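Asker: Listed below, chain by chain, are the residues.
2 protein chains.
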Amino acid sequence: MRPTSDARCRLIPLQTVTDSRGTLVVVENRTRIPFRIARIFYVSVRKKGTVRGNHAHKTLQELIICLNGRIAVETRTRRSRKVFRLSDPTVGLYLPPRVWSVQRTLSDRALYLVLASKKYQESDYIRDWAAYLAHPRASHAR
Amino acid sequence: MRPTSDARCRLIPLQTVTDSRGTLVVVENRTRIPFRIARIFYVSVRKKGTVRGNHAHKTLQELIICLNGRIAVETRTRRSRKVFRLSDPTVGLYLPPRVWSVQRTLSDRALYLVLASKKYQESDYIRDWAAYLAHPRASHAR
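Same order as they appear, the protein sequences are chains A and B. For the first sequence, the residue numbers in my numbering are 1 to 142. For the second sequence, the residue numbers in my numbering are 1 to 142.
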């Protein structure tokens, strides 16, 4: 099966309005992103070099936006490994389901926002790399 | 008609997980907040004293969270006027429909996030105070 374009990790430029009062960045359900937002979370990290993530999701789609400082998001699938460096609050990184990802802060006082397509469900997580490789649909992700 | 609790502007403590890697704050659809998220936006303002908002919505519900710096949100209805000072990223200000609101930055480099219950629709805005007072349902808001 040829994956749709949404099976690929990719950077998405976000709708941005700048005027003398500042910069406003908007994300709407199923506009620029291929999912509806069910949950948002943001992570504030004091120290450079802090690692989070290190798991995949069976069905969850996410958009990661770095709001302050700099982070690196490493994405891994059975076939590929990529590193996305994020520091621009007007660009989001789309993560389709079944991509293993790791977030690492590249600066002190980093802040990043994640938009997620589902509510929290522990059963959606794959927390072990061997289990990830064994997952029947892991190979669909790129 | 007696308004439900959701007719009132109020501060909502958000679900927060802190460990050695940092602080994570989560908001899920209809969990702690009474609406589903259809749109998010964030506003980055360089200068203290910058004013935004100055309108009401006919149906939109919002949650405003200050992620960096300090802001004041003034809420006005036909009956009352309140000022909420926000600086804690673990607390959101819920705004029900039909509340006039104004955001003012109290520090340089303020950043705030807004979760909204609907996609953008210009017809949902009331941008004139006299029109607000004349709106048939304005008096329901507190």
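Fair warning: there could be bad hints in the mix.
Identical chains blur together in the list; that is why a pair holds if it fits in one copy or across any two.
Unchecked claim - Taking lysine-lysine pairs in the DSBU-like style, the calculated list, with each CA pair at most 30 Å apart, reads: (1) 48 x 119; (2) 119 x 82; (3) 119 x 47; (4) 48 x 82; (5) 118 x 58.
Hint data in this document are derived by calculation from the structure and do not stem from the laboratory. The structure presented is a predicted model; accordingly, all values stated were derived computationally and were not measured.
Asker: Does the structure break any of the earlier hints, and which numbers would those be?
Answerer: Per hint list: zero violations.
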